[in-house]
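Given chain A, put chain B in place with the hints provided.
Residue-level listing of the chains:
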Amino acid sequence: MLLEIKNLTKTYRALDGIHAVDVLRDLHWQVAPGETVAILGPSGSGKSTLLNILGALDRVDHGEVWVGGQDLAQLDERGLALYRNETVGFIFQLHHLLPQCTVLENVLVPTLAKPGADRGALRDRARELLAAVGLEHRLRHLPGQLSGGERQRVAVARALIHRPKLVLADEPTGALDRDSAGRLVDLLLEINATQQVTLVVVTHAVDVAQRMQRVFEIEHGQLVERVARE
Amino acid sequence: MNNWTLITRSLRFYWRTHLGVLLGAALGTMVLTGSLLVGDSVKATLVQQAQLRVGRVETVMAGGDRFFRETLAWEVGAVPVLLLNGSVSRVDAAARVNQAQVLGVPEAFWSLSPAGRSPATLRESAAFLNTRLAAQLGLKAGDTLVVRVEKPGLFSRDAPLSGEENEVAALRVTVAGVVEDAHFGRFGLQASQVPPMSIFLPLQGLQQRVGLPGRCNLLLAEKPAPVALQAAVQKCWQLADAGLELRALESGGAFELRTERVFLEPQIVAAAPRGTDTLTYLVNEIRAGEKATPYSMMTAVDAPDFLPSDLAEHEIVLNAWLAEDLGVQPGDAVDLKYFSMGDRRKLEERSAKFTVRAVLPMDQPELNGSWMPNFPGLSDKESCREWKPGFDMDVSRFRDKDELYWKTYRGTPKAFVNLAAGRGMWGNRWGDLTAIRYPAEGGAVSKALLERLTPEQAGFHFLAFREQALAATRAPVDFGQLFLSFSCFLLGAAAVLTGLLFAFSVEQRQSEIGLLLAVGLPPARVRRLFLCEGVLLALIGSVLGAGAAVGYTRAVLYALGTVWRGAVGAVHFVFAPQPLTLLVGAGAGVFVALLGMSWASRRLFKNSPRVLLAGHAEADPSRQASILGPILLGAFCLAGAFGLAFAGLGAESFFGAGTLLLLAGIFGVQSWLRLQAYGGAGLGSLAEMGFRNAARRRGRSLATVAVLAGGVFVVVAVDSFRQRPLQAPAEESAASESRATGTGGFALVGESALPVYEDLNTAQGREAFALGKDLEFRAVPMRVREGDDASCLNLNRALQPRLLGVNPHDLETRGAFGVRWRLEKFPGWHGLEPEAADVVGVVDEATLRWALQKGLGDTLEYRDDQGRVFSVRLEGVIKGSLLQGNVLIAEKRFTEKFPGQGGYRFFLIDAPVSKAEAVAGELSRALQDRGLELVPAWRRLAEFQAVENTYLSIFQVLGALGVLLSSVGVAIVLGRNVLERRAEFGLLEATGFRPGQLRLLVFAEHCWLIAWGLCIGTVSAVLAVWPSLRERQAGFAWQEMAGLVLVLTAGCVFWAWLATLLALRGSQLPALRSE
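If you read the sequences in order, they're chains A and B. Take 1 as the starting number for the first sequence in our numbering and just add one per residue. Take 1 as the starting number for the second sequence in our numbering and just add one per residue.
Just chain A, with the same shape it has in the complex:
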């Protein structure tokens, strides 16, 4: 398994420190390498929380999260940073591009974590990725000069710059129109197919979910598998 969760519990406490809500409760889950997985669920059900935990953007309260053979709970700050940089690629709903950097530079942002890396090779890789997402003609543009769909494609390219084993996408089409959303999902699946990247997508959109191999829904803090793609 690429990803394995055991007894995961995540609780949010109220300001008074007494009242608490268990968003994820004693959750178990496994994902094989190369799989595409969708997670559905209503707002506040814990989808993004699960994704944040998988991306090491948030810590678990109880349980174990194993990704690529390492338990995230055991990693220190340095280990977590390395994990985020090498193992996962994150695509956010609001893409979070740096407005001051060009498209090419935005894709290269994760490479800043590796000062000794071959800059030329990385630049070539960024160009390839941008070409793959159809933005080879926008390399020197700033995010403010792109459409919403284009910005999200830059975010996809950025997520893949370090050849991650796992791509996590949090509502990647949430801010896009239907056509753009469709093209982005095509792109993600193509990348999955060509680069053997495991894809976990959190979404509200059932049509997006249905294009994934496995679909889960969070109910009462547990993942329930709903539909499987043909």
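Just so you know, the hints here were simulated from the structure itself, not pulled from any lab data. There's no promise every hint is true.
[Unchecked claim] Cβ pair distances, simulated, as ranges:
1) Arg16(B) / Asp186(A): 25 to 31 Å
2) Gln74(A) / Ala639(B): 41 to 47 Å
3) Arg994(B) / Asp71(A): 55 to 61 Å
4) Pro99(A) / Lys606(B): 36 to 42 Å
Here the structure is a predicted model, which means the values were calculated and not measured. All C-beta atoms, glycine included, are put in the ideal place defined by N, C-alpha and C.
Below, chain B without anything else, positioned relative to chain A:
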């Protein structure tokens, strides 16, 4: 893409946001660098003044009241100068300067000036004035003036038989020109930023007028070091330079060593080859029964060649004239009456009984007038009835036979006693020999004496003039450090502002931080990236700030020369920025800004990437901090504050208590803010909503409160240290109550240009100056040994402060100036005269601490009249007195060390308050020739207090600027808060709030912070300075302090209201719509 690319891109992209940070850093650098540049400029000014003062002179030999041959100076390649004190007045008496420096200078003097040439040829009866003196008298070239100088007495006028010639010479001269600094306008032996008032006269003319032809007392050398100059002088040294004479006697080729100063000083006697010591004195009366001979010369000598070799101490040998006059024979008894010198030149008539051992015939060869020294006022008189020996002589007692004796035998002694008896009767602090006689070989004696007697032993001091002048510029108060400490709060406010603005900028980009963390950059690295951006901003800001510092420095120097001139006197400061200072200032500016930025943004980087990506860093529940910590710390500080306040440890403990209370208040606010953040059952009112909002950004709110409280604390506390302007005491009874104050309860204080030898408290002394007997005053006179002014009025370092010799009894009986001793064994002012021969000194506390930078028990080194080094041990202090700048020693010790320093020049005058002005006027008029200048004691003290007050004003102005900056910070915080909550305000508007209500809500929310800051600052400041306030219950102006707090409050409220108006212009609904 690399770090550098990201940083530079960010700098360019967010330039608007960064502008504030940049300006904050620039402001901090400006204040910091500016302060250092002020220090540079003050130092450069002092160095420039020192260089103008010394010109090309490297070393000097100063004689004071000892005069050497002018030729000596030429022989050693130096320039001779005659330097005297005097008074200068306009011929129309419209203006007068009592403390002027009168210089007799040769043409070569000007070649040593900074300009290296004479401003013009100085003709006879003409004079140059320096700019200050000319301005003071309102004189210009061509005008006429009168100079009064004392005809220097070679023999101390304090001494018996010192003569009573009219010692003041008045010179009427024409102003030939006014000399600028480049032409030695600043020349003087003492270091001060204020030049002396100098008048330059032709050397020969002055020498003639004061009766010292060919004599000088100052030698200026261009090149040699003191040791080399001393060697050169020693080589050309003659007896006349030490005021000595080796005179051939009429009998048998013998020689006699004598001195112009009448009594041979001990060091001269010690250096002289052994000969026959003699002491000749004028006795008042020699009596045998009913018969008495008045005013006769007597000699004490052990001279076996013509006196009985076994002459005992109680035996006397008379000459035949006297024996006949008294009708005595060997074996008869005679009584002597003679004067000896008591305190304050009081002559005490004493008597001694002798038995006549022998009578010498008048044709005895040794009976001649050569025994009589050159007593001023006696030797040159044709008639003994014209004698003016310096004491009241009853000339009616002279008989015709006495007159005939004087005409026939001149100073031939009428009687002889042995040396021991003579020394016992007539020895005094100036010496106990009037001559040493040698049988022959005068040349050998002269050579031997000159080899053994150094110029220093003869009372000449060699000074490394330039070196000492430059050393004095190492001012005790480093203005750079001073302004830096004065600006510390302003600097702190700038740093906090920079930090806040940087934190705002970073908060605005929190999703960017979240992203960088999410893509795997370690948190420390991300923080470094942002701080690098900050460093670049600080660098640019510091370059701008360093540029602005030039203007800031100029403004401060201008203020020091105008509105703050009370601190430094009338000084024109040169602007002298040092490149290294600019560099250091800019570097330090970057550091301070970085410190502020690092501190203000430290929490943000501790948020999880998820929170940062969501842009909710400030609302992260995980940031809920315990209120226990600040409550405990606050309670601890509060307990400490009360403990210190009630411990009764003095003023310092109250200051500590105030500081702890300030901290307790800040911790209290922190607890309150944290408590608010925990929320509650619901929002009951708009005010509660305001509290909750204030707690939303706890860091910002706390910084606002802390900076405001700190600023108000500084400004209010400093204000309470300000001395209220002194005014003339209103009631007679004030004198006794005010004895322990800074005026010592005296009505007047003054100094004279020339010494006053008479005791102004006696009828005789008053008579000498034609002072009315009913003039109600008592004087405490003090002797003065000139030295550096060590008061706060002098910016230069006082290397050897001026010494005042005072009779402790005068101050002790009055209980004047409460002196505090280091050791309890010293009882009151009598502590100045311990049983041991130590020289104990008392100084003003400010002089000890700031000018001398010494502590009690430390010593100061001086040279006595014989060139020997002695120490003055500082054992006592007086607080805030008009004696600031001087070192007080006992008069007894003073006269032991400086027997040649005659008369008194410093006076404290007791007079009824209502008559003080009349007394001042009458005394100044009567002692006009002595150049006496009196001022009310309270005014002199006020001059010193003005310096302290000016420093406090500077501190306060810079502190108030800090508070102003803090209030601007409040406005920026407010604006930022509103900007971040536009949608929230839109929502409130959508729910029915009017824009005016919203403004009120925001304004009230921030007014809470202002109120907290002002209250905490004021209350803790009042506690900190409580002892000082209580001490001045009558004098302290509560209204002034309340006014100050009100002004600060108004300033803060104004900025907050302005920011509210600007930030909440128009409707906020569009912001809601855009969400």
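Now for the hints, and whether the structure bears them out:
no.: 1; hint: Arg16(B) / Asp186(A): 25 to 31 Å; in the structure: violated, 40 Å
no.: 2; hint: Gln74(A) / Ala639(B): 41 to 47 Å; in the structure: holds, 45 Å
no.: 3; hint: Arg994(B) / Asp71(A): 55 to 61 Å; in the structure: holds, 57 Å
no.: 4; hint: Pro99(A) / Lys606(B): 36 to 42 Å; in the structure: violated, 24 Å
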